[in-house]
Amino acid sequence: DQQVKQNSPSLSVQEGRISILNCDYTNSMFDYFLWYKKYPAEGPTFLISISSIKDKNEDGRFTVFLNKSAKHLSLHIVPSQPGDSAVYFCAASAYNQGGKLIFGQGTELSVKP
Amino acid sequence: DAGITQSPRHKVTETGTPVTLRCHQTENHRYMYWYRQDPGHGLRLIHYSYGVKDTDKGEVSDGYSVSRSKTEDFLLTLESATSSQTSVYFCAISGGDDQETQYFGPGTRLLVL
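Residue numbers (the numbering used here), protein chains in the order written: chain C, 1 to 113; chain U, 1 to 113.
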């Protein structure tokens with residue numbers, strides 16, 4: 001049972017445009033959500049997070065939106081740059097689960113010049 | 001970058017042999033985690049530790065054991081490696097001021113023949 005799902009395995013965007021990566025979850029106990037970026041042959045790098053008490057969090061070109069009623073979160077990258085090309089993972093945790101993260105399958109973003 | 005190293009970075013072994021992977025941190029963080037990454041599955045938690053000698057199972061713990069005798073080191077052991085354990089293994093840590101966010105090591109690529 002996949003508690004965190006990223007239904008788009010890949011996404012291609014033109015440089016300068018907006019990239020929108022989506023993530024859905026099923027467990028209503030999740031209260032903290034994170035996005036990680038991963039380049040080939042490297043470990044995942046933390047990008048941005050959001051607590052369930054918020055519906056939006058921004059950090060530079062990256063914004064995460066959380067819709068609790070729909071159990072959906074999205075990552076917006078504006079403007080997209082070729083260096084953003086990577087695999088993006090969303091992850092979720094529940095307060096009473098010892099910090100364990102449940103990851104989605106990942107979305108490979110390709111930003112074309 | 002968080003001070004996390006993993007060794008070895010690459011390993012080829014034969015079915016039935018024992019294998020130990022090491023994760024070393026210099027951040028003095030309380031929590032340490034082992035994940036495996038496989039195509040189509042994202043990252044899945046194998047075992048985690050919430051202190052010296054305190055460990056617990058994750059989502060895919062069968063065939064794996066862990067030990068943590070010092071804060072800085074978390075060992076993952078495959079007692080008798082199988083081809084299904086061919087994967088990329090990532091260690092992560094969390095703690096300090098931001099206990100919710102995990103920071104990952106560079107990974108170990110393991111091939112079991």
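Rather than coming from a laboratory, the hints here were simulated on the basis of the structure. Check each hint, because a few of them may be wrong.
Unchecked claim - Below, in silico cross-link-like pairs of lysine to aspartate or glutamate (DMTMM-like), each with a Cα-Cα straight-line distance of 20 Å or less: (1) C:Lys54 x C:Asp24; (2) C:Lys37 x U:Asp98; (3) C:Lys5 x U:Glu59; (4) U:Lys57 x C:Asp1.
As the list claims (entries may be wrong) - Facing chain U, from chain C, some residues (calculated, C-beta under 7 Å): (5) Tyr32; (6) Lys68; (7) Ala70; (8) Phe103; (9) Gln105.
Everything numeric in this text was worked out from a predicted model, so none of it was measured. Ideal Cβ positions, reconstructed from N, Cα and C, are used throughout, including at glycine.
Take the shortest C-beta to C-beta distance between C:Ala70 and chain U; is it under 7 Å? violated (21 Å)
Can C:Lys68 be said to touch chain U, with a Cβ gap under 7 Å? violated (17 Å)
Does C:Asp24 lie within 20 Å of C:Lys54 when you go C-alpha to C-alpha? holds (17 Å)
Restraint check for C:Lys37 with U:Asp98, where alpha carbons must lie at most 20 Å apart: Answer holds: C:Lys37 to U:Asp98 is near 19 Å, not above 20 Å.
So, as I understand it, the hint says C:Phe103 touches chain U; can you test that by seeing if any CB pair is closer than 7 Å? This interface hint holds because 4 Å falls under the 7 Å limit.
Assess, step by step, whether the Cα of U:Lys57 is no farther than 20 Å from the Cα of C:Asp1, and give holds or violated. holds (18 Å)
Given the proposed pairing of C:Lys5 with U:Glu59, does the C-alpha separation stay at or below 20 Å? holds (16 Å)
Identify whether the interface hint at C:Tyr32 stands, where standing means a beta carbon of chain U within less than 7 Å of its own. holds (5 Å)
Tell me if C:Gln105 is really an interface residue toward chain U, meaning its C-beta lies closer than 7 Å to one of theirs. holds (5 Å)
Checked against the numbered hints above, the structure breaks hints 6, 7 and satisfies the rest.
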